[in-house]
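Participant: The residues making up each chain are set out below.
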Amino acid sequence: MKEQRHTCTLRVNGEDAAVVFAVHHTLLEVLREEVGLTGTKHGCELGECGTCTVLIDGKAVLSCLELAVECEGREIETVEGLMIGNELHPLQSAFADLGAAQCGYCTPGILMAAKGLLAENPSPSRDHVIEALGGNLCRCTGYHKILEAVEWGAAILRGDLASRPPPEVFHGDRIPGEEVVDA
Amino acid sequence: MTEEMKIKVGFGDTFRELTVRIPDGDIPPYQPGDPLDLVGTSEIRLDAVAKVTGTAEFTYDRQPKGLIYGKILRSPHANANIRSIDVSQARALEGVRAVLTTPDVFEDSTARYAGAEIAAVAADSEAIADEAVRMIEVDYEVLPFCVTIDDSMAEGAPKVGRGNQENVDRVSPRARRRRRGGEINADAEASMVARMKEREKTVDKLFAKSKGVVEGEFRTQVQTHAPLETHGVVCDWDGKNLLCYGSSQATFGFKRELGSSRGPVGAKDVRVICEYVGGGFGSKFSAGREGVLGAMLAREAGKPVRLMLDRKEEQTSAGNRPDSLQKLKMGVAADGTILAYRVRSWGTPGTGTGGAGAHNDGIYNLGEIDKVEYGVRTNCGGARAHRAPGWPQGVFALEQMMDMGAQSVGLDPIEFRKRNDDHPIRTAQYDIAREKIGWDRPRVRGGAATVCRGVGVASNLWFSAGGRGTQVMVRVHKDGQVEVRNGAQDIGTGTRTVMGMVAAEELGLPLARVRTFIGDTRDPQGPGSGGSTTIGSITPAARLAGYVAKQRLLEVVAARKNWPIDQLGLRRGHVTRSGDPVLSFDAACQLMEEDVIEVLESRKANYAGFSDTNAGVQCAEVEVDTETGEVRVIKVVAVADAGKLINPMLAESQVRGGVSQGVGYALLERRIMDSQEGRMVNPNLEMYKLLGAVDCPEIEVVLFDVYNGKSNTSVMGLGEPPIVATAAAVANAVSDAIGVRITEIPITPRKVLEALGRKGSDTGKKGE
Numbered sequence: 015m016k017e018q019r020h021t022c023t024l025r026v027n028g029e030d031a032a033v034v035f036a037v038h039h040t041l042l043e044v045l046r047e048e049v050g051l052t053g054t055k056h057g058c059e060l061g062e063c064g065t066c067t068v069l070i071d072g073k074a075v076l077s078c079l080e081l082a083v084e085c086e087g088r089e090i091e092t093v094e095g096l097m098i099g100n101e102l103h104p105l106q107s108a109f110a111d112l113g114a115a116q117c118g119y120c121t122p123g124i125l126m127a128a129k130g131l132l133a134e135n136p137s138p139s140r141d142h143v144i145e146a147l148g149g150n151l152c153r154c155t156g157y158h159k160i161l162e163a164v165e166w167g168a169a170i171l172r173g174d175l176a177s178r179p180p181p182e183v184f185h186g187d188r189i190p191g192e193e194v195v196d197a
Numbered sequence: 121m122t123e124e125m126k127i128k129v130g131f132g133d134t135f136r137e138l139t140v141r142i143p144d145g146d147i148p149p150y151q152p153g154d155p156l157d158l159v160g161t162s163e164i165r166l167d168a169v170a171k172v173t174g175t176a177e178f179t180y181d182r183q184p185k186g187l188i189y190g191k192i193l194r195s196p197h198a199n200a201n202i203r204s205i206d207v208s209q210a211r212a213l214e215g216v217r218a219v220l221t222t223p224d225v226f227e228d229s230t231a232r233y234a235g236a237e238i239a240a241v242a243a244d245s246e247a248i249a250d251e252a253v254r255m256i257e258v259d260y261e262v263l264p265f266c267v268t269i270d271d272s273m274a275e276g277a278p279k280v281g282r283g284n285q286e287n288v289d290r291v292s293p294r295a296r297r298r299r300r301g302g303e304i305n306a307d308a309e310a311s312m313v314a315r316m317k318e319r320e321k322t323v324d325k326l327f328a329k330s331k332g333v334v335e336g337e338f339r340t341q342v343q344t345h346a347p348l349e350t351h352g353v354v355c356d357w358d359g360k361n362l363l364c365y366g367s368s369q370a371t372f373g374f375k376r377e378l379g380s381s382r383g384p385v386g387a388k389d390v391r392v393i394c395e396y397v398g399g400g401f402g403s404k405f406s407a408g409r410e411g412v413l414g415a416m417l418a419r420e421a422g423k424p425v426r427l428m429l430d431r432k433e434e435q436t437s438a439g440n441r442p443d444s445l446q447k448l449k450m451g452v453a454a455d456g457t458i459l460a461y462r463v464r465s466w467g468t469p470g471t472g473t474g475g476a477g478a479h480n481d482g483i484y485n486l487g488e489i490d491k492v493e494y495g496v497r498t499n500c501g502g503a504r505a506h507r508a509p510g511w512p513q514g515v516f517a518l519e520q521m522m523d524m525g526a527q528s529v530g531l532d533p534i535e536f537r538k539r540n541d542d543h544p545i546r547t548a549q550y551d552i553a554r555e556k557i558g559w560d561r562p563r564v565r566g567g568a569a570t571v572c573r574g575v576g577v578a579s580n581l582w583f584s585a586g587g588r589g590t591q592v593m594v595r596v597h598k599d600g601q602v603e604v605r606n607g608a609q610d611i612g613t614g615t616r617t618v619m620g621m622v623a624a625e626e627l628g629l630p631l632a633r634v635r636t637f638i639g640d641t642r643d644p645q646g647p648g649s650g651g652s653t654t655i656g657s658i659t660p661a662a663r664l665a666g667y668v669a670k671q672r673l674l675e676v677v678a679a680r681k682n683w684p685i686d687q688l689g690l691r692r693g694h695v696t697r698s699g700d701p702v703l704s705f706d707a708a709c710q711l712m713e714e715d716v717i718e719v720l721e722s723r724k725a726n727y728a729g730f731s732d733t734n735a736g737v738q739c740a741e742v743e744v745d746t747e748t749g750e751v752r753v754i755k756v757v758a759v760a761d762a763g764k765l766i767n768p769m770l771a772e773s774q775v776r777g778g779v780s781q782g783v784g785y786a787l788l789e790r791r792i793m794d795s796q797e798g799r800m801v802n803p804n805l806e807m808y809k810l811l812g813a814v815d816c817p818e819i820e821v822v823l824f825d826v827y828n829g830k831s832n833t834s835v836m837g838l839g840e841p842p843i844v845a846t847a848a849a850v851a852n853a854v855s856d857a858i859g860v861r862i863t864e865i866p867i868t869p870r871k872v873l874e875a876l877g878r879k880g881s882d883t884g885k886k887g888e
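As you go down the protein sequences, you meet chains A and B in turn. The numbers in the working numbering rise by one with no breaks, and the one at position 16 of the first sequence is 30. The numbers in the working numbering rise by one with no breaks, and the one at position 727 of the second sequence is 847.
It is possible that part of the hints are untrue.
Stated by the list, open to error - In silico DSS-like links for lysine-lysine, alpha-carbon gap of 30 Å or less:
| hint | chain 1 | residue 1 | chain 2 | residue 2 |
| --- | --- | --- | --- | --- |
| 1 | B | K809 | A | K73 |
| 2 | A | K73 | B | K432 |
| 3 | B | K491 | B | K432 |
| 4 | A | K16 | B | K185 |
Claimed, not checked - Some but not every residue of chain B turned toward chain A, in silico, with C-beta under 8 Å:
| hint | residue |
| --- | --- |
| 5 | T173 |
| 6 | L326 |
| 7 | A328 |
| 8 | A346 |
| 9 | R431 |
| 10 | S780 |
Just so you know, the hints here were simulated from the structure itself, not pulled from any lab data. These numbers were taken from a predicted model, which means no experiment stands behind them. For each residue, glycine too, the CB sits at the ideal point set by N, CA and C.
Whenever a hint applies, use it, and build me the whole structure from the sequences.
Facilitator: Shown next, in the form of structure tokens:
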């Protein structure tokens, strides 16, 4: 059984990736198997769970429903491209700090859906956030921390922490940095 | 030799002294007022950055060199015998590397549900594997079937089980058999039946004496686990040794299963790696047939194989929570004391009857109990342990009976529960839940208005102190590096983080200074993530290993510096002498002669402790639209007890997760079987509804910090308890809102409208 294969260059996270893949493969499969970016997850392959969400030309799409051959010449962004240099993107740091990632499997898709939202609307209300994440399922967290993290990440991005103070996390008495005291 | 000592146990500002026997070599539990720097703080998960950057490697992400792809052929029939399987065409297809059949591998020529494994293929691409699966020809002897509890219990129903097995088995009290699976011992059975009759009479007498007697019949649906990462493995052989990356909640369980000489795989040496798992909820203890087939395909192909289930397989074949039919009766004395309680319940865990039971007789003092439970065989995908197995369905029924019992003697539901509850922790939780939900606030009730509101309460109980059989290794290196190792998995609960926290606390180091290793069976033995016992099993061993490593390091310092060891400690990155920092941790490590201090410590036996169980109370507020029948859960207050809190943020997250699954169970989730074809008709996430962000209520979590004293960390696990009470609290709230009880979940708009219709006609009759 011979599979018809396609050769092309995909633009992923600002870099060109030369790939060869079976023509029927989805963007999800090509990103994971050919480009080697496994941050984007398989959940259902039916467009029902949102774990495979990536951005194409800045808009959140489900990569399991997108044929890779149709993505040539478009800007694809995955969770691996979210960091800004060596720094976490504000959405990422908000998710980490608030404990919005539990098992972590839905997290990459939710981060990308959130980034897509903030590109359109930098100051989303709670309802906007809920609507934008309406297609992303999470079986672990009960969503609350995710919603808070998106709002906090948005506030950091806007440089507007005054209107949206960091949500209350009880970090207790953190151990101060070590100073060397040698006898 | 064990040491007797006095410890303080309790919570809030009420503590009492308890004399316990500390096992030899263990250290006493955390005590109120202990100067703890890490324990009790919401440290960020150690793997948070890996999870938000996409670098966390789940089983699905493993791509060893030369990877090929496995697929399973599944039965389209709900009940069939396999006469023959012809795999010749599949085997001849170019790119196919291995083909296996269920009769060969499992010595099983039956397909007892639509979705049962028939054969498996490994090929160079998924498309080739799919094509090869389609080319396998199976000759089935198709048999009649039952896919619902009612069909299976009906007169003259086709036999579902093997041989002469009846469809309905009494599972409690269990019939005595001559040997396992053998004939029932008639004499023992006769005396058992006599005892059951006696109990029935006793309870009947108490019902006759009761002021209030209430009865109800309740039904719950089959719920699937629906983890976002499906079940599956990536298997790679090196000669006789198997490396299995498995989506697992029991790495050592997978290892035993795949390495057992009695099993079909029988690998000489098995290493299981599961650093990250995308949810399990009880369904991933066993490698399952998919795991066995993945391992065997890889061996036959001589190449690494990835066999991950697709979503349809996941929903059909990878486990579920059994449904239930529960007929209950309760007798209450005038003062609100429950005198007697009767249970007759049925549940279907698939083709077997194990795990059918519903825990509807726990939590409260229910007086004399007469309980008989049955398991019902159906041709459906088998149950697997599901987050608090048996409890959410049982408590759904029990808690409605509690409300009905309260009403029968004119008591407030919460007061009635308090009157029949003596749990030392829960009795302190009711009033908090009551206040936080605004129980006594006026609300529009009764169903006359279009939109009504109501509140409901329910409780939970759990048993998660953990126990023996776990070891943790701590290594302190001369360069100051510290490792903490255990081979169990972290299924998202935060096991890695809390293990690191308790060890780092002993060593006086910030959490970032210890490197934690988890999810690899090369590391010391750890528990399966079951019974919410992971944290209670791992943290005492981790704390003890950290403590012993500290003592060993301090011995080095004492000898080299000529300081008296009893003046020395480790805190905040330093060696302290009489409390003052005198030497950095790194400098202390450099005094070591050897390269590493390596300590391996075991989890010791539990102590007597404050309470063997952890408790919780939940209250829900709902809004019901009486025109559309739609129910919205507005808020859930969850008061929870996790023993000593190691990391409140992680504990809170467990509670929110449990409550949200419970709300989905109450309103949305339901496996639907088609009685004509015998198949699951909603094996996906579009028609099988999980709770989304849109439907998720406000959840207020109140955590109790209990110095339980069951182990040196006093901790109790919290994975399962929070899901136990939620559906029951929601159902009670719906009934409070509309004034009529809905006895079946999920509470869909149709059921609400039907219930309102019944109520309307009842009222009509009264008016006549």
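Participant: State for each hint whether it applies.
Facilitator: Hint check results:
1. B:K809 x A:K73: Given that 30 Å is the threshold and the Cα spacing comes to 26 Å, the pair holds.
2. A:K73 x B:K432: This hinted pair holds, its Cα atoms lying about 28 Å apart.
3. B:K491 x B:K432: With Cα atoms ~37 Å apart, K491 (chain B) and K432 (chain B) exceed 30 Å; violated.
4. A:K16 x B:K185: Judged against 30 Å, a Cα distance of about 22 Å means the pair holds.
5. T173: holds, 6 Å
6. L326: violated, 41 Å
7. A328: Interface hint status for A328 (chain B): violated (46 Å vs cutoff 8 Å).
8. A346: holds, 6 Å
9. R431: Where the cut-off is 8 Å and the nearest Cβ of chain A is about 4 Å from R431 (chain B), the hint holds.
10. S780: holds, 4 Å
Going down the numbered hints, you'll see the structure goes against 3, 6 and 7, while the others check out.
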